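Here is what each chain is made of, one letter per residue.
There are 2 protein chains.
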Amino acid sequence: MLLLYHTMMSVPSRFTRLILAECKANAELTEVLPWERTEEFLLVNPAGTVPVLRENDGPPVCGAMTIAEYLDETRGYALGSRRLLPDHPNHRAEVRRLVHWFLNKAVDESARFFVDEKIYKRMRRPSEGGGSPDSTLLRAARGNLKIHLNYIAYLAERRKWLAGENFSYADLAAGAMLSTIDYLGEVPWEKEPIVKDWYQRIKSRPAFRPILADSLKGIPPSSQYMDLDF
Amino acid sequence: MLLLYHTMMSVPSRFTRLILAECKANAELTEVLPWERTEEFLLVNPAGTVPVLRENDGPPVCGAMTIAEYLDETRGYALGSRRLLPDHPNHRAEVRRLVHWFLNKAVDESARFFVDEKIYKRMRRPSEGGGSPDSTLLRAARGNLKIHLNYIAYLAERRKWLAGENFSYADLAAGAMLSTIDYLGEVPWEKEPIVKDWYQRIKSRPAFRPILADSLKGIPPSSQYMDLDF
Numbered sequence: 012m013l014l015l016y017h018t019m020m021s022v023p024s025r026f027t028r029l030i031l032a033e034c035k036a037n038a039e040l041t042e043v044l045p046w047e048r049t050e051e052f053l054l055v056n057p058a059g060t061v062p063v064l065r066e067n068d069g070p071p072v073c074g075a076m077t078i079a080e081y082l083d084e085t086r087g088y089a090l091g092s093r094r095l096l097p098d099h100p101n102h103r104a105e106v107r108r109l110v111h112w113f114l115n116k117a118v119d120e121s122a123r124f125f126v127d128e129k130i131y132k133r134m135r136r137p138s139e140g141g142g143s144p145d146s147t148l149l150r151a152a153r154g155n156l157k158i159h160l161n162y163i164a165y166l167a168e169r170r171k172w173l174a175g176e177n178f179s180y181a182d183l184a185a186g187a188m189l190s191t192i193d194y195l196g197e198v199p200w201e202k203e204p205i206v207k208d209w210y211q212r213i214k215s216r217p218a219f220r221p222i223l224a225d226s227l228k229g230i231p232p233s234s235q236y237m238d239l240d241f
Numbered sequence: 012m013l014l015l016y017h018t019m020m021s022v023p024s025r026f027t028r029l030i031l032a033e034c035k036a037n038a039e040l041t042e043v044l045p046w047e048r049t050e051e052f053l054l055v056n057p058a059g060t061v062p063v064l065r066e067n068d069g070p071p072v073c074g075a076m077t078i079a080e081y082l083d084e085t086r087g088y089a090l091g092s093r094r095l096l097p098d099h100p101n102h103r104a105e106v107r108r109l110v111h112w113f114l115n116k117a118v119d120e121s122a123r124f125f126v127d128e129k130i131y132k133r134m135r136r137p138s139e140g141g142g143s144p145d146s147t148l149l150r151a152a153r154g155n156l157k158i159h160l161n162y163i164a165y166l167a168e169r170r171k172w173l174a175g176e177n178f179s180y181a182d183l184a185a186g187a188m189l190s191t192i193d194y195l196g197e198v199p200w201e202k203e204p205i206v207k208d209w210y211q212r213i214k215s216r217p218a219f220r221p222i223l224a225d226s227l228k229g230i231p232p233s234s235q236y237m238d239l240d241f
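Going down the list, the protein sequences come from chains A and B.
Last residue of the first sequence? That's 241 in the working numbering, and every number before it is there in order.
Last residue of the second sequence? That's 241 in the working numbering, and every number before it is there in order.
These aren't lab readings, by the way, just hints derived from the structure by calculation.
The model shown is predicted, which means the values in this text are computed figures rather than measured ones.
You can trust all of the hints, since none of them are fake.
Intra- or inter-copy, both count: the list cannot distinguish identical chains.
Listed next, the in silico DSSO-like pairs over lysine-lysine satisfying Cα-Cα at most 27 Å (straight line): (1) 171 <-> 35; (2) 157 <-> 129; (3) 116 <-> 132.
When you get a sec, could you build the whole thing from the sequences and use the hints?
And the structure:
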């Protein structure tokens with residue numbers, strides 16, 4: 012049995028949920044609010060971060076890329092030609108570079124500001140850092156998003172999928188990142204036909220369905236979020 | 012032929028140099044100053060970060076853990092019982108969790124403040140962000156270092172090496188992290204006998220020698236930095 016500790020709007024958590032779905036591995040989900048840092052969760056992961064995966068009585072597998080490696084090691088072979096990490100070390104390195112890019116660089120520079128300012132600040136009490144969104148941070152996030160959209164377009168124009176010939180963890184990482192921003196209606200799709208075409212291809216995969224069904228209490232998704240013909 | 016782009020006082024770069032030395036893989040070193048962001052280096056790694064490894068005409072392998080995975084995939088088997096990633100997926104996950112902890116969490120919370128405030132601010136012109144060290148940041152870095160030293164002691168008391176029975180990437184990550192702080196004389200060794208005992212064991216490995224020979228112009232290492240009987 013698999014148990015995933017996640018946060019609905021956390022990009023690394025979404026990346027993990029997408030991988031589990033691509034592996035057709037059902038996991039029971041437990042939601043963690045990142046600012047709560049409960050003792051119970053700190054015993055699972057002393058870093059206090061999501062995602063964390065547990066399999067049966069095994070030790071906690073902490074962190075998105077560590078989980079991705081674990082799932083490749085335990086399920087990759089069974090996926091055959093749909094395996095999400097390629098065979099050649101050079102190609103694996105390229106997938107890992109891009110996963111890091113989208114889960115860390117793009118999140119730090121853009122996605123997290125949208126989520127913090129437009130969602131978490133509304134969910135938290137003022138004593139926990141709640142309040143109204145900071146428009147300066149949102150402007151910076153939009154500017155940086157443009158750079159990351161350009162980079163996805165650059166890759167998608169030159170390659171069949173973002174890391175090369177095959178669909179991989181790199182596509183799931185970029186998809187997880189964009190999906191959180193799209194939830195908030197902040198992706199300027201009309202200006203990004205190449206990115207839109209790539210995103211349409213991954214959005215229509217069955218593994219994306221649970222992500223598209225996500226809905227936060229009081230903060231519903233944007234109109235095109237669930238729409239496969241956005 | 013291997014070529015490594017690195018920064019002498021970058022923890023992820025030191026981690027990579029230690030792995031290369033453990034693998035007895037000679038790499039030509041090219042130093043990159045993180046704030047320079049030259050066009051030449053951005054063509055190698057568009058993220059502009061070190062370390063980056065190139066092997067012959069292969070593509071750049073970017074990022075410390077991506078390089079560690081690459082070296083395990085291409086050299087791990089030849090290391091036999093000295094392999095730095097264990098065989099079992101659960102144990103591999105534990106090594107990866109700890110590498111992430113020491114290269115990211117411990118660096119973000121502690122090591123980078125020492126390096127930024129005591130080294131980089133002295134190396135940069137005022138227009139590049141140079142100046143005198145911020146004592147508030149250094150105090151925070153010292154407080155956080157205490158927590159990370161406690162965590163290393165907690166692990167070292169319960170396990171032969173930090174991730175379990177075998178010497179692994181986890182020890183090299185923690186060692187790389189502490190070595191930068193020790194260069195600046197900021198590790199309170201006298202208060203940390205358990206950490207000191209563990210560090211003495213890895214410091215005396217031949218792979219550590221090149222790191223211990225590091226010296227920055229105008230900022231020499233602390234007196235115990237090179238001393239194996241510190």
